[in-house]
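Q: All chains should be built: construct the whole structure from the sequences, respecting the hints.
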Amino acid sequence: MAVTTVDSAPAPAVVPAKKLGRGYWAGVLRRLARDPVAVTAAVIILLIVLAAIFAPYVAPADPYKSSMIRRLRPIGTPGFLLGSDELGRDMLSRLIYGGRLSLVMGVLPVFCAFAVGSFLGVAAGYAGGWLNTIIMRTVDVFYAFPSVLLAIALSGTLGAGILNAIVALTVVFVPQVTRVAESVTTQIRNRDYVEAARVSGAGPFTIVRVHVLGNVLGPIFVYSTSLISVSMILASGLSFLGLGSKPPEPEWGLMLNTLRTAIYTQPMVAALPGVMIFVTSISFNLLSDGLRSAMEVKA
Amino acid sequence: MTEPASDATSDPAFDPAARDRGGPAQPLLSVTGLVKHFGGRRSWRGETKGAVRAVDGVDFSIAKGETLGVVGESGCGKSTTARLVMQIIAPDAGEIVFDGEALGSRALDLTTYRREVQMVFQDSYASLNPRLTVEDTIAFGPRVHGVGRREATGRAHDLLFKVGLEPARFAGRYPHELSGGQRQRINIARALALQPRLVILDEAVSALDKSVEAQVLNLLLDLKAEFGLTYMFISHDLNVVRFMADRVMVMYLGKVAEVGPSDVILKSPSHPYTAALLASMPSMDPDARTEEAPLFGDPPNPIDPPSGCRFHTRCRFASAICANVEPRLAPVARPHEVACLMAQPGSGHPRAAPLRENAA
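Which chain is which? The protein sequence lines are E and L, in order.
Every letter in the first sequence is one number past the one before it in UniProt numbering, and letter 83, counting from 1, is 83.
Every letter in the second sequence is one number past the one before it in UniProt numbering, and letter 276, counting from 1, is 276.
Since the hints were derived computationally from the structure, they do not count as laboratory data.
For each residue, glycine too, the CB sits at the ideal point set by N, CA and C.
One or more of the hints may lead you astray.
[What the hints assert, rightly or not] Under 10 Å between C-beta atoms, here's a sample of chain E residues computed to sit facing chain L:
1. Y24
2. D192
3. Y193
4. E195
5. A196
6. R198
7. V199
8. G201
9. A202
10. T206
11. V210
12. G214
13. G218
[To be verified] So these bits of chain L aren't anywhere near chain E, every CB distance computed over 12 Å:
14. A25
15. Q26
16. S61
[Unchecked claim] Here are a few chain E residues that sit away from chain L, every Cβ distance over 10 Å (derived from the structure):
17. V116
18. L150
19. R189
20. M268
A: Below, the structure written as structure tokens:
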């Protein structure tokens, strides 16, 4: 950094902005790619998602076709790679199709809660004062209920059904996301660069858009991804209780429910939906952990 | 420095000289009765108790084109004064007049005022948004004030060049890719992007290495000459203030202790607190080494400041009257004002000159 060289240098031509491709998110992705655990988790999630999307092409059999004479076959039976359930339906196909609903139930409520919670939390955190008090105290009321209880109570009140279960789960997660968003925003709000932006005459909406959101959405997003596994498990729980999806529909939680009578005759087959829930949710958790540490690095 | 031809500098709305209203004799900024108390509880009678009296009645003015240095111990209200002048925090009382127009009047609303007065913060890292490139950070202010993207970017590149950073190399960088000195140059460029007339430098070089500090100080002097700026330079480093400032204001516990030309104040101070500050500076001369602490103790608690003169608890010349009478800021020589009873004839302090009969 030499001052003297500048005086002799020719005046620069005004060149348009050239981003050098080393933006923040490029760096995060680069660090994430170096984390073997996160990459493994991402590959597993990708496989499950792809299998769910292309279920009609991947699944070996019709997940609804039952057969009374081929019920509860063990894993490895010819024609039933992962056995068959209590109505003689192919387990592998049902697990593949079941991923569709289970993933939707895991991701959609969290996504909705991310949108609503970020909005509420950033508004509360940046505005402060009475708006903060109103939003955060309301959130605290929801926090007082255990999340499982709240989800069951809400979907019980709204009635069984997938849409109602999604709404109930969203309501469960909004307070948690709001809290994280509020605390991150309160930290950012007092940074010098926000003050500098205020000093340059910018209004609150411009400051939030340019200076707050970019620094706040990352941490909120990471926190939200860690909720996907919780959402999947809660959704499975709701289905298990008969509040989510309805029978013949393949869904992991519901399959766990209907197979529970076979726990003594075919324990391995009965455990399979649980294994899927476990593997998927732990993959989401590991990926979100990796994302968190990839984002924490300063330089 | 050669001036690159660009629409940024030829725009009359951004030419500081064209915006001069009150003429050269009108102070650029004059502040009267500035007060800010933090916290405290309001009793049922409406009195506030337990408030930190961070700034407690400060008057000063800054002439056009000068640099006013503000010095004092930490906690004396220097930074709070800067934030009050900058309107980052709202003052409890006090009037700010910028070039003859009162802030808040119809002629000078906050948006206009903020184009005229800008600030450089101490922490060069915390004052830059880590998610914005250098050029976006600098261009943000002009964009807010309605300058188009291309022109704002062009102005950002001009300013980068002016603060000694080659735009082609630095425009697309993020703050973490820069050194402390480079970041502070960006902060300076950001402050200048709105073409202000007054720049408040709040400990702007205090966090830098000595060698980098010197470069940035020289840069500030160059920019001041080029853009016709006026500085309010806040620092705890008296050597830096001596280098930069035309006039010096010494603050103690939220009040002004002494104001005057920097060569007078830094050579023959009239206030015992200023003298103690000067004595605490390490000397290069081994014969003039500091043998005893010029000041003892910490500054008193600003929640409950001492009665009378706020410095009397630590002043070696304190007499009984100092605890009872609060000294006003009064001139000793023409531009030199001191808030000390010793400097005021007839004040009753044993060291004060007697009041001459015909003087009244």
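Q: Please name the hints from earlier in the document that this structure breaks, with their numbers sorted from lowest to highest.
A: none
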